[in-house]
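J.: Sequence lines, in order, name chains Z and Y. The opening position of the first sequence corresponds to residue 2 in our numbering, with each subsequent residue numbered one higher. The opening position of the second sequence corresponds to residue 2 in our numbering, with each subsequent residue numbered one higher.
Hints should not be assumed to be uniformly reliable.
In this list, chains with the same sequence are indistinguishable; a pair is considered to hold if it fits within one copy or across any two.
Each computed DSS-like pair below joins lysine-lysine, with the alpha-carbon atoms no more than 25 Å apart [as the list claims (entries may be wrong)]:
hint : residue 1 : residue 2
1    : LYS88     : LYS410
2    : LYS331    : LYS260
3    : LYS430    : LYS105
4    : LYS88     : LYS454
5    : LYS189    : LYS256
6    : LYS260    : LYS349
7    : LYS331    : LYS55
8    : LYS55     : LYS88
9    : LYS297    : LYS55
10   : LYS430    : LYS78
11   : LYS345    : LYS310
12   : LYS10     : LYS458
13   : LYS297    : LYS356
14   : LYS430    : LYS480
15   : LYS55     : LYS189
16   : LYS260    : LYS58
17   : LYS78     : LYS105
18   : LYS99     : LYS297
19   : LYS251    : LYS99
20   : LYS297    : LYS469
21   : LYS134    : LYS209
22   : LYS58     : LYS251
23   : LYS4      : LYS458
24   : LYS99     : LYS88
25   : LYS326    : LYS55
26   : LYS349    : LYS384
27   : LYS310    : LYS458
28   : LYS297    : LYS430
29   : LYS349    : LYS58
Everything labelled a hint here was simulated from the structure, so no lab data went into it.
Number of protein chains: 2
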Amino acid sequence: MAKDFTTRKQNYSEWYNELVTRADLAENASVRGCMVIKPYGYAIWETMQQTLDKMFKDTGHVNAYFPLFIPKSFLSKEAAHVEGFAKECAVVTHYRLKNSPDGKGIVVDPDAKLEEELVVRPTSETIIWNTYKNWIQSYRDLPLLINQWANVVRWEMRTRLFLRTAEFLWQEGHTAHATTDEAIEETKRMLDVYADFAENWLAVPVIKGVKTANERFAGALDTYCIEALMQDGKALQAGTSHFLGQNFAKAFDVKFTNKSGVQEYVWATSWGVSTRLMGALVMAHSDDDGLVLPPKLAPIQVVIVPIYKNDEQLEAINRFVAPIKNALQKLNIRTKYDNANNQKPGWKFSEYEFKGVPIRIAIGPRDMENNQVEIARRDTKTKNTVHVEGIEMYVSELLQQMQQSIFEKALEFRNQSTHYVDTWDDFVKTLDTKPGFVYAHWDGTPETEQKIKEETKATIRCIPLDSKPETGTCIKTGKPSMQRVVFARAY
Amino acid sequence: MAKDFTTRKQNYSEWYNELVTRADLAENASVRGCMVIKPYGYAIWETMQQTLDKMFKDTGHVNAYFPLFIPKSFLSKEAAHVEGFAKECAVVTHYRLKNSPDGKGIVVDPDAKLEEELVVRPTSETIIWNTYKNWIQSYRDLPLLINQWANVVRWEMRTRLFLRTAEFLWQEGHTAHATTDEAIEETKRMLDVYADFAENWLAVPVIKGVKTANERFAGALDTYCIEALMQDGKALQAGTSHFLGQNFAKAFDVKFTNKSGVQEYVWATSWGVSTRLMGALVMAHSDDDGLVLPPKLAPIQVVIVPIYKNDEQLEAINRFVAPIKNALQKLNIRTKYDNANNQKPGWKFSEYEFKGVPIRIAIGPRDMENNQVEIARRDTKTKNTVHVEGIEMYVSELLQQMQQSIFEKALEFRNQSTHYVDTWDDFVKTLDTKPGFVYAHWDGTPETEQKIKEETKATIRCIPLDSKPETGTCIKTGKPSMQRVVFARAY
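Here chain Z stands alone, though its shape is the one from the complex:
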């Protein structure tokens, strides 16, 4: 167990905060609610970005960039959108500072007041659909499949590193289509991309589903989502894909001439994932010794640590390591040889363990004699002595195995933490004693959903896409229900 490090059992929330800062992922900035993403954390985010970006391009999307600022009046053009979104925003009211008349520091220049205030984008539907109006005239201009990588700001009152910050980084896809079917297909396609990424890169199993009306994105007709389970049994929404119908097209008057020459409103989708995924990654796999990173996302996949008593031994190990490192890098394995002499091997072991480096290779004089090395897995803490011959293939296969095994461990945890209940008493007891996903019947009304939330703090995470019709009665009202939905307490 890492020194002075809170365990998950002691205080899960504290464990998370300490882990994120001590593993050099991120820290709180001097600006309220904002974070600094540190190089080690940012390196993980970069891999996420590159991977997702390729997946978006492979599904026909291109990138573009829209302004940071949105005129205040835009936000109120789509009625549901303004209700849900417009409120907790950073507002720019002035465009100039000046020297303070008292000679101390600077003040806002009262003469430089904007005619219309600008809102720092909390999401970009409004500014983008205002732009699409000029880009779309004919069915030939459709579909328009655009993604943006950007920062957004939502003035959250209670913030937590990665999970909920005033400013965060994300991507937002905004597509325009000629038909409702195409738009729905796109919405689902991007949900599948997110699920694929979550499971095969983050190694986090997710439930694909659709949100209830209460939990829907402001302005959407349907919000699809992927829901993940964290180790404390709380759910985390890891990505959303919205079918927006014609709401934004109508609000911004975006019409196209169809093949028959008739003017129609355009159909829209939007979809996004954010630096919140970093929080999911940390919470899903890490342990009381620090980070556990799935190999595909680890900035350093293999660290090699020399064990030596004097310079002569070190030099011999350096020579021994060179071809090993070379062979690993030829297979595109991100490898670091740490032969810095200002720290002892023990310190290095726990440092790289804390940072979640998947594989550690230790090499001492005796290993060299036997032409072997010691290989330690971060996830299971198991060690193996391995012959140097063909080590790069061994490591490469081990990394793939670990990626799979980290996913399976999370999946097993989720299976163990998934419960089916049929009565209110069971529901409440399960939430309190066996946190996780609870599949239960619900009468389908927002009122019942709201009541359940108020009494238990559990929300409907989604109506799962893969669930089979099943008759039953609502756990709260006893009214008939045709399908179970997934409840959980959530981040």
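Got chain Z sorted already, so can you dock chain Y onto it with the hints?
T.: Just chain Y now, kept in the frame of chain Z:
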């Protein structure tokens, strides 16, 4: 010549604006001074980003992310910085909107006023050095070599797409060092990276130099720059690298313990290039028929256009093209086969010409018979008939040749537009009749520089790094001078 398209001679400025919007690079946003970077323009920017990012990483840098917002008080901590930078900024004063009491739209909630106003970053030295304070204790923490890709905002009054916009995208490197020598070395290293990128990717020759005190970055001891020449004879600053001395370390109290155990202030650099490079790219090479893109940055490097009279012919061409396209893509040549049947070949020819696609391959029935294709170069407008056998190698070599030839053309233009003058009359006349770089003697005082600027609108672009000492007399004051500096009117 493209239809209804202003020529460079008619109106260079108008030509540029039309080109940027009609070639789908960018357009003015509905927010004053901001731009929308359209997918085609953004694809070029992405290649620039990826290339620079690799160059930064190859020189030991890592990426991180710092907050968008800077507390107002931070900006006044470094005296010179506040003078030069703090004024024309977007200022966030409130964090909430609410429904308007009259029921129409939304208003800023007066109860949600920030205690301290936040400035949208115009550059991040202050927030970053405030963070570095906690990251640097010992010489072991140095050097700290960090880069950030971000959006920044400067409330410019006169804006032009890419060249000067209220919001723009850029990268900013911020490094911390134990010694002044190391910091200066870093400043120059990054200048070299920028020059390498400008010449070998943008195909734009640049002068490397150092700015005079008047033109220095606010807070720097020295500002190094690369200066490029546009086709209208005006200079454009394409990148800067600043040696900041200990100014920001002192302002934010960033000290380290050196090897002797003594506390010292840290030495700093910062360096950046922005979407302004897009403007340089367009202005340096394009012509009256549209964009000319150096192949390395072209989103589409080769377009293949079929010439056919009926479906049967088109199908035959499709089959003929498939292996050619495949062979090109195997060499990582970005290839598009445009067999859309809603536009005629002539329309496609001028469309891809306007968008600066370097190579166009046209294929008709007779070409197929002869097993050949017609290859047209965008830059020189020359055409060649080429046998299909080994065409991928031909194209690959041609792309390399074109990259080189576009650079050489720009270099020749710069050489022709570079003048050495020794008298005031010659200086004024040259600026008016033969715009370009003017190498002249200057007495080294800010006063003379300012006078020259007021009388001629020419500024000292830089004191070139490669110039040889040469005695002479200042063109304005006749005082002695030891070196020529480079004057020009500039963007």
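J.: All hints, please: hold or fail.
T.: Hints, one by one, checked against the model:
1. LYS88 / LYS410: The answer is neither: 41 Å in one copy and 55 Å across copies each exceed 25 Å.
2. LYS331 / LYS260: Neither way: LYS331 and LYS260 sit 53 Å apart in one copy and 37 Å across, limit 25 Å.
3. LYS430 / LYS105: neither (61 Å within a copy, 47 Å between copies)
4. LYS88 / LYS454: Cα proximity of LYS88 and LYS454: one copy only (23 Å, versus 48 Å across).
5. LYS189 / LYS256: The answer is within: 23 Å in one copy meets 25 Å, while 53 Å across copies does not.
6. LYS260 / LYS349: Between copies only: 22 Å across, 66 Å inside.
7. LYS331 / LYS55: Both ways: LYS331 and LYS55 sit 22 Å apart in one copy and 18 Å across, limit 25 Å.
8. LYS55 / LYS88: Intra 34 Å, inter 40 Å, cutoff 25 Å: neither.
9. LYS297 / LYS55: Both. Shortest intra-copy (15 Å) and inter-copy (20 Å) distances satisfy the 25 Å Cα cut-off.
10. LYS430 / LYS78: Classified as neither: same-chain Cα gap 45 Å, cross-chain 56 Å, threshold 25 Å.
11. LYS345 / LYS310: Classified as within; 10 Å inside a copy, 76 Å across copies.
12. LYS10 / LYS458: Within one copy only: 21 Å inside a chain, 69 Å across chains, cut-off 25 Å.
13. LYS297 / LYS356: The answer is within: 15 Å in one copy meets 25 Å, while 38 Å across copies does not.
14. LYS430 / LYS480: within (21 Å within a copy, 91 Å between copies)
15. LYS55 / LYS189: within (18 Å within a copy, 34 Å between copies)
16. LYS260 / LYS58: neither (27 Å within a copy, 50 Å between copies)
17. LYS78 / LYS105: between (42 Å within a copy, 11 Å between copies)
18. LYS99 / LYS297: Neither: 50 Å inside a copy, 44 Å across copies.
19. LYS251 / LYS99: For LYS251 and LYS99, only the inter-copy Cα distance (23 Å) is at most 25 Å; the intra-copy one is 42 Å.
20. LYS297 / LYS469: neither (34 Å within a copy, 53 Å between copies)
21. LYS134 / LYS209: Close neither inside one copy (32 Å) nor across copies (44 Å); limit 25 Å.
22. LYS58 / LYS251: neither (28 Å within a copy, 46 Å between copies)
23. LYS4 / LYS458: neither (34 Å within a copy, 64 Å between copies)
24. LYS99 / LYS88: between (29 Å within a copy, 6 Å between copies)
25. LYS326 / LYS55: between (28 Å within a copy, 21 Å between copies)
26. LYS349 / LYS384: Answer is within: at 16 Å inside a copy they meet the 25 Å cutoff, but 62 Å across does not.
27. LYS310 / LYS458: This pair counts as neither: shortest intra-copy Cα distance 58 Å, inter-copy 68 Å.
28. LYS297 / LYS430: neither (38 Å within a copy, 63 Å between copies)
29. LYS349 / LYS58: between (40 Å within a copy, 24 Å between copies)
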